[in-house]
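Keeping the supplied structure of chain Y fixed, place chain S upon it in accordance with the hints.
Those protein sequences? They're chains Y and S, same order as listed. First residue of the first sequence: 1, per the numbering used here; consecutive thereafter. First residue of the second sequence: 115, per the numbering used here; consecutive thereafter.
I should point out that these hints are in silico values taken from the structure, not numbers from a laboratory. Note that the structure is predicted; figures quoted are calculated from it, not measured. Take the hints with a grain of salt, since some may be wrong.
[Unchecked claim] Now the in silico label distances, taken between C-beta atoms and shown as ranges: (1) S:Pro190 / Y:Thr76: 38 to 44 angstroms; (2) S:Asp206 / Y:Leu39: 25 to 31 angstroms; (3) S:Pro190 / Y:Ser62: 40 to 46 angstroms.
[Stated by the list, open to error] With a Cα cut of at most 27 angstroms, we get these calculated BS3-like pairs of lysine-lysine: (4) S:Lys210 / Y:Lys57; (5) Y:Lys71 / Y:Lys14; (6) Y:Lys71 / S:Lys117; (7) S:Lys183 / S:Lys117; (8) S:Lys168 / S:Lys183; (9) S:Lys210 / S:Lys183; (10) S:Lys117 / Y:Lys57; (11) S:Lys166 / S:Lys210; (12) Y:Lys57 / Y:Lys11.
[Said to hold, decoys possible] Quick look at which bits of chain S chain Y covers, simulated, 3 or more residues with Cβ under 8 angstroms: (13) 149–161; (14) 208–214.
Glycine included, C-beta positions come from ideal geometry on N, C-alpha and C.
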Amino acid sequence: DTGVSQNPRHKITKRGQNVTFRCDPISEHNRLYWYRQTLGQGPEFLTYFQNEAQLEKSRLLSDRFSAERPKGSFSTLEIQRTEQGDSAMYLCASSNSAQGYEQYFGPGTRLTVT
Amino acid sequence: LAKTTQPISMDSYEGQEVNITCSHNNIATNDYITWYQQFPSQGPRFIIQGYKTKVTNEVASLFIPADRKSSTLSLPRVSLSDTAVYYCLVGDSWGKLQFGAGTQVVVTP
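Just chain Y, same shape as in the assembly:
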């Protein structure tokens, strides 16, 4: 078990560009979560999946954000037309369905929008 991995670890992009992040969860975990964290704040829930189904999306998430989890394995988070306010650490976590409160987090992808 190699834990949750995220790629890339860092991404610098210009405002208006699209970016895509990838998360590979722990293989036996059927739940996958995305969070966003800015400096000095706790992580903020964005969305989560059970297998390939996206169960909930935060109201804070604009239409520029989309997430997928094809085949219930890895997940991608895409941000279209990035804005400077999107600069943050994007965290992915996974868990099994019986213990959703016990989540294993990846190292995150730090996005900087210039």
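Just chain S now, with coordinates in the frame of chain Y:
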């Protein structure tokens, strides 16, 4: 989701016990209490979870009174490497965690 209130920061010396109390007055019947630890530039790490009474693992203890409106995380004999932000969360098993700002614990020699 129930909101939680915890101190912004706590200072301690190496070898001491650190107790962080969290208030969650609106906790629901099916909510669990969970604590996470986060180091700079890393994702949070699960520490401990409980529903009621006391839970202990190799890292910490969690004390939950009968009314479940608060909980206390106890870190025994802290070391410098325990310097981190500690988050108290309540929620059901679906796992939509709502993090607050957490408690910054600083351990000094």
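request  = State the violated hints by number, sorted upward, taking the hints as numbered earlier in the document.
outcome  = Violated hints (numbers, rising): 5 and 6; every other hint is consistent with the structure.
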